[in-house]
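Since chain Y is already given, all that's left is putting chain B on it; use the hints.
Chains as they are written, first to last, in the working numbering: chain Y, 1 to 513; chain B, 1001 to 1173.
The hints are simulated quantities; they were obtained by calculation from the structure and are not laboratory data. Any given hint could be a false lead.
[Said to hold, decoys possible] Computed cross-link-like contacts, BS3-like style, restricted to lysine-lysine with a CA-CA straight-line distance of at most 25 Å:
#: 1; chain 1: B; residue 1: 1003; chain 2: Y; residue 2: 338
#: 2; chain 1: Y; residue 1: 200; chain 2: Y; residue 2: 56
#: 3; chain 1: Y; residue 1: 326; chain 2: Y; residue 2: 338
#: 4; chain 1: B; residue 1: 1003; chain 2: Y; residue 2: 326
[Said to hold, decoys possible] Covered by chain Y, according to a simulated footprint, are these stretches of chain B (three or more residues, beta-carbon under 8 Å):
#: 5; segment: 1054–1063
#: 6; segment: 1084–1098
#: 7; segment: 1143–1151
All C-beta atoms, glycine included, are put in the ideal place defined by N, C-alpha and C.
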Amino acid sequence: MYGEEPLFGLLNRIGSPVEGHRPWPRYRLGRDGWLRLIEGLAGNAWSLLGLWGEPKAVHAAFREDFSGDVAVVSLDCPQGRFPSLSAVRPAANRLERTAHDLYGLTAERTTDPRPWLDHDAWDVRRPLSEQPAAPAPNPGPYTFLPVEGEGLHQIPVGPVHAGIIEPGHFRFTANGETVVRLEERLGYVHRGVEGLMQGKPVAEAAKLAARVSGDSTVAHSLAFARAVEAALGIEVPARAVWLRALMAELERIANHLGDIGAICNDAAFAFMLAQASQLRERVLRTADSCFGHRLMMDRVIPGGVATDLPERGAGLLLELVAELRKRFPPLVAIYDGKASLQDRTVTTGFLSTELVTRFGAGGHVGRASGRDQDARRSPGYAPYDELTFEVPVLTEGDVNARVWLRIREVEQSLSLIEQIVARLPAISRGLDYPSVALEAGRGGEGMALVESFRGEIMTWVRLDGEGVVARCHPRDPSWFQWPLLEAAIGGNIVADFPLCNKSFNCSYAGHDL
Amino acid sequence: MLKHILTSLTGGPVTEAAPAPADPALAELAGKLDKAAKARLGRSLSIREVDAGSCNGCELEIHALNNPIYDLERFGIRFVASPRHADVLLVTGPVARNMREALVRTWDATPGPKWLVACGDCAVSGGLFAGGYACVGPVEEVLPVDLRIPGCPPRPTDLLAGLLALLETSAAR
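Okay, chain Y solo, but in the shape it has when bound (with noise of 0.2 Å):
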């Protein structure tokens, strides 16, 4: 499946770096260089980690998984017009229809035209491109993608669940019990991240990035910092790089205890939720003893972090690790010899190797279905990189595997937990709590791959000269995710949605912005 080509061999052919994008390289490809990247990618493995718009311009950033190479490329289209991505990449095709709701760009020969987070519910259409227009007066309704056949029936599902659980909604259609097709439409929480994050200040827009999606808000504001600081070249301090770190594996521990306990529940066994809730109240309770904050919100900043880890801290931690260490396996060896549970995980909610390769699908979703990727190890970043810990991958990719998948990762996060606290470096003299300043008055772009607990983020940003945000986008691991939640349901029984939907646990607020 491997090209012969090499990425930046391609790359370097059909285009021309552009200066100050840091870490990895950017190119600027003309209309001719970007139809031979798509001629490229029909031949190559390479993954497709991100695209986004600008008034007059797209952009799209790749990965050759087997070197780990990255690049971003970026066509000027001042017709506003690109040729689309998404039949040698299907992941980009909501991108691109987000770029166009958003920034008006029309993506050509595309394999699905409709509007995406574009409801017909603002006051202007394309309202982030340099001209937005009216409102169109007579919207129509969605049209969802034809369903024929005998005996065939369709359930339409939400905005609004019946549950404490965010909004989208969900069409299935089914032959009895089974469901034939199922077709998602999200955008309902759509906020207007990014239009919100241009103009504003590094510190403000980092308040923004850290409510992409508040499960992930560690990883969305370390991968905002770390873009932000990349692009101006600035070094944190050893003990924030640590406590980052710290943070984001508090932060994984809980969100997988908390879905371990949920996708359990779904398969009404909730002694499971009422035990593992427990444990990710004890998470949350030491994140806030230790953050001041419960979720840790806002304690990832540009520059450094927003709070030092007090002195009794490193006690509360071992503390922690110790008791989960104690209360978290007979739970496990629950899970593990319920004949009953087993049966409504096992087989169920199928995921292909060859799918999440195809759209690139990270975290949980990935691993479960042998997609031997994560961010902490490839690129790889600091201090991950003198830490040792191993990344569970299985080849099962049903419910049950994206279960263990995240019982391993608990494990292993409690081992970097405390591999972090033995070493966690001391604070520099002259500085109350580990952090920077930002040079005012700066520009550069920048990019940041980080791995959330639900998979991989990334952030790019372009900051102007006044070390403004001229430009943010947060790409959530969700984007990649939900749509082969379509492909895993097929087959199975309408009532193994929920426990399907939860094994994959998308961010709804992460996908609309």
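Relative to chain Y, chain B alone:
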């Protein structure tokens, strides 16, 4: 599993009891909420949660109310799946315009007497999202709000405090 059940039976409840010294605020609230809930609603208050553009931080903390530590149901307050079963809509988020119609329809589907709680800074004031093209702003611009619980996100104890305040407000009507 059997061992777990035995431990649970013999170990006593993990729910933080009313006079728990570790968390006096929660303990104090727990006692009050119980009395007020009984007086007004005969031990029953049904809440339907609606996310109208939240980042999902509020949802995480609302979920925590159902864990055995906070155990909201001991007060007779529970989350229901349909607005038609609800007395209270608990609304989060800065009312994304794409959610506005669904929110209004959910409110219309809720039978009276009914109350609406704006939960979190976004729902209370629009938060960081006020003024953008995609959000309406505070929930009160769309529907009448009976109570505001600020916080980003509010802690579970803040949420408990808010529900108590709601009971007292609604009883005074």
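Each hint tested on the structure:
Distance check on the hinted pair: residue 1003 of chain B and residue 338 of chain Y sit about 14 Å apart at the alpha-carbon level, within 25 Å; holds. Of the pairs offered as hints, the one joining residue 200 of chain Y and residue 56 of chain Y holds, with about 21 Å between alpha carbons and a cut-off of 25 Å not exceeded. Pair hint residue 326 of chain Y plus residue 338 of chain Y holds up; C-alpha atoms about 20 Å apart against a cutoff of 25 Å. Restraint check for residue 1003 of chain B and residue 326 of chain Y: satisfied, since their Cα atoms lie roughly 14 Å apart, inside the 25 Å limit.
Taking a C-beta to C-beta cut-off of 8 Å, the segment 1054–1063 of chain B contributes 10 residues in contact with chain Y, enough for the three needed, and the coverage statement holds. Coverage of the segment 1084–1098 of chain B by chain Y holds. Counting CB-CB distances below 8 Å, 5 residues qualify, and the rule asks for three or more. For the segment 1143–1151 of chain B, the stated coverage by chain Y is not satisfied: 0 residues place a CB nearer than 8 Å to a CB of that chain, which falls below the threshold of 3.
Consistency note: the structure conflicts with earlier hint 7 alone.
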